[in-house]
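For the protein sequence lines, the chains are L and F, in the order given.
Going left to right, the first sequence walks through residues 1 to 343 as the numbering used here numbers them.
Going left to right, the second sequence walks through residues 1001 to 1240 as the numbering used here numbers them.
Treat each hint with caution, since some may be false.
[Stated by the list, open to error] Straight-line alpha carbon distances no greater than 20 Å define the calculated EDC-like cross-link-like pairs of lysine to aspartate or glutamate that follow:
(1) F/1183 <-> F/1152
(2) L/22 <-> F/1132
(3) L/217 <-> F/1087
(4) F/1164 <-> F/1098
(5) L/181 <-> L/75
(6) L/214 <-> F/1098
Keep in mind that the hints were calculated from the coordinates and are not lab data.
Computed from a prediction, not measured in an experiment: that's the story for all the values here.
The lines below spell out each chain.
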Amino acid sequence: MAAAPDHAPKISRLSAGQSAAKAMPLLLVPVLVLLGYLSIGSTSSWLTLTVSGLAMGMMIFIMASGLTLVFGLMDVINFGHGAFISVGAYVGISALIALETWTGASSLLLNVAAVLAAVAAAMCATAMLGWGFERVIVRPVYGAHLKQILVTVGGLIVIEQLIQVVWGPDEIFFTRPETLKGAFTFAGAAIEKYRLLAVVFGLVLFVTMRLVLKRTKIGLIVRAGVQNGEMVQALGYKLRLVFIGVFIAGSALAGLGGVMWGLYQEVITAGMGEQMMILVFIVVIIGGLGSVEGAFIGALLVGLLQNYVAFLEPKLALISNIALMTAILMWRPQGMMPVVKAK
Amino acid sequence: MSDTILELSGIHTDIAQYHILQGVDLVVPRGGVTMLLGRNGVGKTTTLRTIIGHWQAKTGNLRFNGEDITATPTPSRARAGMGFVPEDMGIFSDLTVEENMILAAVSGPLDSVRMERILTAFPPLRTFWRSEAGNLSGGQKQMLSIARVMAEERQLYLIDEPTKGLAPAIISTMVGALRDLKKEGASILLVEQNFAVAKALGDTAAIMDDGRIVWAGPMAELAGDAGLQERLMGLSMEAH
Chain L
1 MAAAPDHAPK ISRLSAGQSA AKAMPLLLVP VLVLLGYLSI GSTSSWLTLT
51 VSGLAMGMMI FIMASGLTLV FGLMDVINFG HGAFISVGAY VGISALIALE
101 TWTGASSLLL NVAAVLAAVA AAMCATAMLG WGFERVIVRP VYGAHLKQIL
151 VTVGGLIVIE QLIQVVWGPD EIFFTRPETL KGAFTFAGAA IEKYRLLAVV
201 FGLVLFVTMR LVLKRTKIGL IVRAGVQNGE MVQALGYKLR LVFIGVFIAG
251 SALAGLGGVM WGLYQEVITA GMGEQMMILV FIVVIIGGLG SVEGAFIGAL
301 LVGLLQNYVA FLEPKLALIS NIALMTAILM WRPQGMMPVV KAK
Chain F
1001 MSDTILELSG IHTDIAQYHI LQGVDLVVPR GGVTMLLGRN GVGKTTTLRT
1051 IIGHWQAKTG NLRFNGEDIT ATPTPSRARA GMGFVPEDMG IFSDLTVEEN
1101 MILAAVSGPL DSVRMERILT AFPPLRTFWR SEAGNLSGGQ KQMLSIARVM
1151 AEERQLYLID EPTKGLAPAI ISTMVGALRD LKKEGASILL VEQNFAVAKA
1201 LGDTAAIMDD GRIVWAGPMA ELAGDAGLQE RLMGLSMEAH
């Protein structure tokens, strides 16, 4: 085979400005944390709020990560994602209540085993629900955005009503397992044990997802499918199967997020998923469609900003995330790290 | 084994409200290069996309290795032995060159001997092996798209305008790579606007107009008949 003409190809180095612009989304979280510190003044309050914000961000990320891949892979707008959050919370918390003897014991091992059992139950239930939801509700409306919105919102409402039929219309209050209750003091700040656990759990999940997406063939197929699904199919991969897998995994993650959010709030309602979807959509949009890294940064920004603003100016807390989304979209209309371009 | 690898009979394809292919009859012989020629907008790209399955034929029949594949989905067509290089190259720009190649090896890990041959033919791909494909130049992206389809042995290569917008030196590399594929006994259906490339590579040719094949025959016959070229493809002598 003849070689390509001899030349010395090179990729020019990015200028300092270009490098800074590329890294800017990564800098937003530390910059926000620093601004929070300067605005709050008290180190202990800042530390408490930061851990709380990071924990909230991690839980939102867990709920949003599957949705952004579903958006990117198959261009599907799934408003029904909120139903998986609620169902996950109800199944998981029901399991925890059933394991009362384990959660009430002062043994860390038993408590963690109870939480893991609850998480497993929630993820299995929402994975199966996701599989059914894709087959019955989403599959007939591929490529039709308006219909997707209508039927997935319909699916969300039906599932919320079914939750009320099964578990009753009232919210369910409960307490966390014994060893996850309370807080410890660090540098004068009260840090809730559960929030710290949520931060660690979210980080582990993010690293795992990145490893799967970057280091495995299935991860490569998913990343390539988000960019150009047609070409992935032309190479011989059944993208539909990949999509169903991602949809099921995304639903299971939403269920996991639901359990974690339920444990965070210590109360669950049928509408909790629907309420969380506002934040989840903000995170997916500002992160950039199809981007897990973007969703991670976006979720941390949303969690931290909400906590800081609620402390500094409670009346502005409700609009802080909408303001954040507006600012980021004015700066980067496709989101911070878009993988697919918004249509 | 039959002498025909691919046969299209009366293929009609619509894109939205547009009736693009209006009864395409085409026979692609096994082994050698079949050039699909014609003016812009006559349906060449749609023909390739219908063959790989990106567009579904409304009516008509598509046979690959004697099997009816009219209703077969794209991934199964690819696994049956079709390789496709689209006009826009279809590069995964956020993936590295290495990751693009790993994905192209559908049936397992990359074959090292095969890879060495490909990288010898396209040295820039070795240079930028771990760089994001989106950072490559147009010519390098085209090299990657051809290299990707060569990562595994295919029975039929469907290649859409591989020389479009490339410098002459890169075009000669592409021609060399395709010629080597041909020597290995591959069957290639090539859409090309550059008539010099078509003459250099083609064994047989088919000319499209208004969504149909209007002429088919040996490339040598078309190359030697300026009147036919002028009449069917609008080629003037300056194009030679």
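**Report entry** List of violated hint numbers, smallest to largest
**Finding:** 3, 4, 5
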